[in-house]
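Residue strings, one per chain:
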Amino acid sequence: MANEIKRKILIAEDDPGICTFLRATLLAEGYDVITAHDGQNALGMISSHCPDCVLLDLGLPDMDGNQIIQSIRKWTHTPIVVISARSMEDDKARALDLGADDYMTKPFGTVELLARIRTALRHTHTTSETGELALTGCYRVGGLEIDYNKCRVYLDGEDVHLTPNEYRIVALLGKHAGRVLTYKSMLRELWGPAASSDNKILRVHMAGIRRKIEPNPNEPRYIFTEVGVGYRMAEEERP
Amino acid sequence: MNVRLRDALIWAGIMAAAVGLSMALSGIYDDNNPFATPVFILAVTLIARLTHGYRYGVAASIVGTFCVNYMFTYPFWEFDVTPTGYPLTFSMLLMVSLIISALTTQIKRQEQLRFAAEREKMHADLLRAIAHDIRTPLASILGASSSLKAQNLSLENRQALVESIDRDAQWLVRVTENLLSVTRVTGGDVSLRKTDEVLEEIIGSAIVKYRRSPGALPVHVETPERILIVPMDPTLVEQVLINLFDNVSAHARTATGIWLNVRQADGLVRLTVEDDGDGIPPGGLPGIFEGGLRDLSRNRPDARRSMGIGLSVCRTIIRAHGGELTADGSPRGGAAFSFTLPCGEEQ
Numbered sequence: 001m002a003n004e005i006k007r008k009i010l011i012a013e014d015d016p017g018i019c020t021f022l023r024a025t026l027l028a029e030g031y032d033v034i035t036a037h038d039g040q041n042a043l044g045m046i047s048s049h050c051p052d053c054v055l056l057d058l059g060l061p062d063m064d065g066n067q068i069i070q071s072i073r074k075w076t077h078t079p080i081v082v083i084s085a086r087s088m089e090d091d092k093a094r095a096l097d098l099g100a101d102d103y104m105t106k107p108f109g110t111v112e113l114l115a116r117i118r119t120a121l122r123h124t125h126t127t128s129e130t131g132e133l134a135l136t137g138c139y140r141v142g143g144l145e146i147d148y149n150k151c152r153v154y155l156d157g158e159d160v161h162l163t164p165n166e167y168r169i170v171a172l173l174g175k176h177a178g179r180v181l182t183y184k185s186m187l188r189e190l191w192g193p194a195a196s197s198d199n200k201i202l203r204v205h206m207a208g209i210r211r212k213i214e215p216n217p218n219e220p221r222y223i224f225t226e227v228g229v230g231y232r233m234a235e236e237e238r239p
Numbered sequence: 001m002n003v004r005l006r007d008a009l010i011w012a013g014i015m016a017a018a019v020g021l022s023m024a025l026s027g028i029y030d031d032n033n034p035f036a037t038p039v040f041i042l043a044v045t046l047i048a049r050l051t052h053g054y055r056y057g058v059a060a061s062i063v064g065t066f067c068v069n070y071m072f073t074y075p076f077w078e079f080d081v082t083p084t085g086y087p088l089t090f091s092m093l094l095m096v097s098l099i100i101s102a103l104t105t106q107i108k109r110q111e112q113l114r115f116a117a118e119r120e121k122m123h124a125d126l127l128r129a130i131a132h133d134i135r136t137p138l139a140s141i142l143g144a145s146s147s148l149k150a151q152n153l154s155l156e157n158r159q160a161l162v163e164s165i166d167r168d169a170q171w172l173v174r175v176t177e178n179l180l181s182v183t184r185v186t187g188g189d190v191s192l193r194k195t196d197e198v199l200e201e202i203i204g205s206a207i208v209k210y211r212r213s214p215g216a217l218p219v220h221v222e223t224p225e226r227i228l229i230v231p232m233d234p235t236l237v238e239q240v241l242i243n244l245f246d247n248v249s250a251h252a253r254t255a256t257g258i259w260l261n262v263r264q265a266d267g268l269v270r271l272t273v274e275d276d277g278d279g280i281p282p283g284g285l286p287g288i289f290e291g292g293l294r295d296l297s298r299n300r301p302d303a304r305r306s307m308g309i310g311l312s313v314c315r316t317i318i319r320a321h322g323g324e325l326t327a328d329g330s331p332r333g334g335a336a337f338s339f340t341l342p343c344g345e346e347q
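Chains as they are written, first to last, in the numbering used here: chain G, 1 to 239; chain F, 1 to 347.
Because the hints were derived from the structure by calculation, they are not lab data.
These figures come from a predicted structure and were not determined experimentally.
Ideal Cβ positions, reconstructed from N, Cα and C, are used throughout, including at glycine.
Be aware that one or more of the hints could be misleading.
Here are the computed lysine to aspartate or glutamate pairs in the DMTMM-like style, where the Cα-Cα straight-line distance is at most 20 Å [said to hold, decoys possible]:
{"hint": "1", "chain 1": "G", "residue 1": "Lys200", "chain 2": "G", "residue 2": "Glu236"}
{"hint": "2", "chain 1": "G", "residue 1": "Lys184", "chain 2": "F", "residue 2": "Glu324"}
{"hint": "3", "chain 1": "F", "residue 1": "Lys194", "chain 2": "G", "residue 2": "Asp198"}
{"hint": "4", "chain 1": "G", "residue 1": "Lys212", "chain 2": "G", "residue 2": "Asp198"}
{"hint": "5", "chain 1": "G", "residue 1": "Lys106", "chain 2": "F", "residue 2": "Glu324"}
{"hint": "6", "chain 1": "G", "residue 1": "Lys8", "chain 2": "G", "residue 2": "Glu29"}
{"hint": "7", "chain 1": "G", "residue 1": "Lys200", "chain 2": "G", "residue 2": "Asp97"}
{"hint": "8", "chain 1": "G", "residue 1": "Lys200", "chain 2": "F", "residue 2": "Glu156"}
{"hint": "9", "chain 1": "F", "residue 1": "Lys209", "chain 2": "G", "residue 2": "Asp15"}
{"hint": "10", "chain 1": "G", "residue 1": "Lys106", "chain 2": "G", "residue 2": "Glu145"}
{"hint": "11", "chain 1": "G", "residue 1": "Lys175", "chain 2": "G", "residue 2": "Asp198"}
{"hint": "12", "chain 1": "G", "residue 1": "Lys212", "chain 2": "F", "residue 2": "Glu225"}
{"hint": "13", "chain 1": "F", "residue 1": "Lys209", "chain 2": "G", "residue 2": "Glu235"}
{"hint": "14", "chain 1": "G", "residue 1": "Lys200", "chain 2": "F", "residue 2": "Glu118"}
{"hint": "15", "chain 1": "F", "residue 1": "Lys194", "chain 2": "G", "residue 2": "Glu226"}
{"hint": "16", "chain 1": "F", "residue 1": "Lys194", "chain 2": "F", "residue 2": "Glu324"}
{"hint": "17", "chain 1": "F", "residue 1": "Lys209", "chain 2": "G", "residue 2": "Glu166"}
{"hint": "18", "chain 1": "G", "residue 1": "Lys106", "chain 2": "G", "residue 2": "Asp198"}
{"hint": "19", "chain 1": "F", "residue 1": "Lys209", "chain 2": "G", "residue 2": "Glu145"}
{"hint": "20", "chain 1": "G", "residue 1": "Lys212", "chain 2": "G", "residue 2": "Glu145"}
{"hint": "21", "chain 1": "G", "residue 1": "Lys184", "chain 2": "G", "residue 2": "Asp52"}
{"hint": "22", "chain 1": "G", "residue 1": "Lys106", "chain 2": "G", "residue 2": "Asp15"}
{"hint": "23", "chain 1": "G", "residue 1": "Lys106", "chain 2": "F", "residue 2": "Asp168"}
{"hint": "24", "chain 1": "F", "residue 1": "Lys209", "chain 2": "F", "residue 2": "Glu225"}
{"hint": "25", "chain 1": "G", "residue 1": "Lys200", "chain 2": "G", "residue 2": "Glu235"}
{"hint": "26", "chain 1": "F", "residue 1": "Lys209", "chain 2": "G", "residue 2": "Glu29"}
{"hint": "27", "chain 1": "F", "residue 1": "Lys194", "chain 2": "G", "residue 2": "Asp90"}
{"hint": "28", "chain 1": "G", "residue 1": "Lys106", "chain 2": "F", "residue 2": "Glu118"}
{"hint": "29", "chain 1": "G", "residue 1": "Lys212", "chain 2": "F", "residue 2": "Glu177"}
{"hint": "30", "chain 1": "F", "residue 1": "Lys194", "chain 2": "G", "residue 2": "Asp91"}
{"hint": "31", "chain 1": "F", "residue 1": "Lys209", "chain 2": "G", "residue 2": "Glu219"}
{"hint": "32", "chain 1": "G", "residue 1": "Lys175", "chain 2": "G", "residue 2": "Asp90"}
{"hint": "33", "chain 1": "G", "residue 1": "Lys6", "chain 2": "G", "residue 2": "Asp64"}
{"hint": "34", "chain 1": "G", "residue 1": "Lys212", "chain 2": "G", "residue 2": "Asp159"}
Restraint-style ranges between C-beta atoms, simulated for each label pair [what the hints assert, rightly or not]:
{"hint": "35", "chain 1": "F", "residue 1": "Ala169", "chain 2": "G", "residue 2": "Leu27", "range": "31 to 39 Å"}
{"hint": "36", "chain 1": "F", "residue 1": "Pro342", "chain 2": "G", "residue 2": "Gly157", "range": "21 to 29 Å"}
{"hint": "37", "chain 1": "F", "residue 1": "Arg319", "chain 2": "G", "residue 2": "Leu27", "range": "47 to 55 Å"}
{"hint": "38", "chain 1": "G", "residue 1": "Asp15", "chain 2": "F", "residue 2": "Leu148", "range": "33 to 41 Å"}
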């Protein structure tokens, strides 16, 4: 582990307190950390340092956060984890649809921070084509198993008999496990670009899925609702 | 502009109805129509009551006089200024219109004043509750951090102080989240961002978030089997549930669990959060939503955290949704908080 190349993370955050906390946590975790305090600076750092992951505060003083995401996405797929304050709820879904990979709402703890960064890094370095999913054709978390070859979902070894639409929803979330998928992106992925923006069908399907795969649908274990944004499939925590 | 259009439509509608009614009555009487004047008095009264300001009422009395004279008084379909009743009819209609308009305007002004006073009182209550909720944990954080600066603390003590800072900071986070929710509900004319939500998703998300906090109790949920779709601002309703759960952890000392019951009837969804703790102290129910319970429980050693802001925020949010939040005793022994949300059509 000692001579492993360090992953470089850019923190684009204007608040010195949060910046100090992020920096200290990430350094202790063995990441290489660079910081930027405004949007222009951040864009410059991304093109000159090519960080492995960007932590982007949506409320930078000089530029609109979504504008920064768009500029970054023009030329790189570097994962972007958005940091938002609670008052910017609407911006979260928009940031994700513009190409951000994940988001955290202030305040957040170190556990959440590190989990998000690990997920974001994993999705670039071992995409679903090369990960465990591609090796075995299965995604497993807890007692849930998605078999992509047979198009079946098992709970504790038992086939849960999802309808075709339900299977497609679960399969999509499983491919992006650990990441939040917005309603909009799911509708587009499942029903094509012409799909209506009404996510009611999706929500009703999800209620059906939960009744089948969640031991207690009121305290979900496998598929979490990110209120007002979308859904997130639980991810197996690896040591 | 909308109000003006509405007033104009009311005016035109009532006047047309009055003319129509008078003409229908004229069919019965060949002679002067004795009902025309009362019909127009009624029309002017209604217009003055239903529209804003004096304009429409005065216009109605002028047009009404003209109509009575021109259409319903001999000679018909001719304007005749000679009859003695003419100035009387006009002045009567005008008086009615002016009096009713004056009364209407006065009532509206009083309503506005009362509304403003209520708002003012709500803000004052809220500020008082906030100040209290913030001051106590801040004092504890300051105390802990100043102790931490001292060098001669054992590792154990340091750990305890860090944990207490953590706990109090978490509490402050909750308080600020509540404040943000309130500003969204009462922030000027900004209405709620209502969307059709699957109720169980909101419940699930609230429970998952609540269960992450230290000392969280298990939540037992009873819901109808079918999917309930309720129009709501999801983050705010989620906040209400989290607040109610938090209240149980913070105040019901002997509680072992939380029970959430969901029922639907008559276009309303009713959610009830119950616990089996020691309940609301006698006499604590009135004023519980204004932070009144705090004063009652002041003598308790561990009652430093008020229920004030959490509950008043809950009520503000639920009222903004057109529902109502009530508190009562639970058959399980603890407290029962129950709120309704209008759910329109069912799925």
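Consistency of the hints with the structure:
1. G:Lys200 <-> G:Glu236: violated (29 Å)
2. G:Lys184 <-> F:Glu324: Distance of about 33 Å is beyond 20 Å: violated.
3. F:Lys194 <-> G:Asp198: Roughly 14 Å separates the two Cα atoms, so the pair holds.
4. G:Lys212 <-> G:Asp198: violated (24 Å)
5. G:Lys106 <-> F:Glu324: violated (31 Å)
6. G:Lys8 <-> G:Glu29: Cα-Cα ~12 Å, so holds.
7. G:Lys200 <-> G:Asp97: holds (19 Å)
8. G:Lys200 <-> F:Glu156: Not satisfied, since the Cα-Cα distance of roughly 52 Å exceeds 20 Å.
9. F:Lys209 <-> G:Asp15: Roughly 26 Å separates the two Cα atoms, so the pair is violated.
10. G:Lys106 <-> G:Glu145: The hint is violated at about 33 Å.
11. G:Lys175 <-> G:Asp198: Answer violated: Lys175 (chain G) to Asp198 (chain G) is near 23 Å, above 20 Å.
12. G:Lys212 <-> F:Glu225: holds (13 Å)
13. F:Lys209 <-> G:Glu235: With Cα atoms ~17 Å apart, Lys209 (chain F) and Glu235 (chain G) stay inside 20 Å; holds.
14. G:Lys200 <-> F:Glu118: With Cα atoms ~38 Å apart, Lys200 (chain G) and Glu118 (chain F) exceed 20 Å; violated.
15. F:Lys194 <-> G:Glu226: holds (16 Å)
16. F:Lys194 <-> F:Glu324: holds (17 Å)
17. F:Lys209 <-> G:Glu166: violated (26 Å)
18. G:Lys106 <-> G:Asp198: violated (29 Å)
19. F:Lys209 <-> G:Glu145: Not OK: Lys209 (chain F) and Glu145 (chain G) at ~25 Å, beyond 20 Å, violated.
20. G:Lys212 <-> G:Glu145: Distance ~13 Å between Lys212 (chain G) and Glu145 (chain G) Cα, so the pair holds.
21. G:Lys184 <-> G:Asp52: Violated, at roughly 27 Å.
22. G:Lys106 <-> G:Asp15: Within the cut-off at roughly 12 Å; holds.
23. G:Lys106 <-> F:Asp168: Within the cut-off at roughly 16 Å; holds.
24. F:Lys209 <-> F:Glu225: violated (23 Å)
25. G:Lys200 <-> G:Glu235: violated (25 Å)
26. F:Lys209 <-> G:Glu29: violated (26 Å)
27. F:Lys194 <-> G:Asp90: Roughly 13 Å between the alpha carbons, so the hint for Lys194 (chain F) and Asp90 (chain G) holds.
28. G:Lys106 <-> F:Glu118: With Cα atoms ~33 Å apart, Lys106 (chain G) and Glu118 (chain F) exceed 20 Å; violated.
29. G:Lys212 <-> F:Glu177: violated (34 Å)
30. F:Lys194 <-> G:Asp91: Holds, because 17 Å separates the two Cα atoms, which is no more than 20 Å.
31. F:Lys209 <-> G:Glu219: holds (10 Å)
32. G:Lys175 <-> G:Asp90: Cα-Cα ~25 Å, so violated.
33. G:Lys6 <-> G:Asp64: violated (30 Å)
34. G:Lys212 <-> G:Asp159: holds (10 Å)
35. F:Ala169 <-> G:Leu27: 31 to 39 Å: violated (22 Å)
36. F:Pro342 <-> G:Gly157: 21 to 29 Å: violated (44 Å)
37. F:Arg319 <-> G:Leu27: 47 to 55 Å: holds (48 Å)
38. G:Asp15 <-> F:Leu148: 33 to 41 Å: violated (22 Å)
Of the hints listed earlier, those the structure fails to meet are numbers 1, 2, 4, 5, 8, 9, 10, 11, 14, 17, 18, 19, 21, 24, 25, 26, 28, 29, 32, 33, 35, 36, 38, in rising order.
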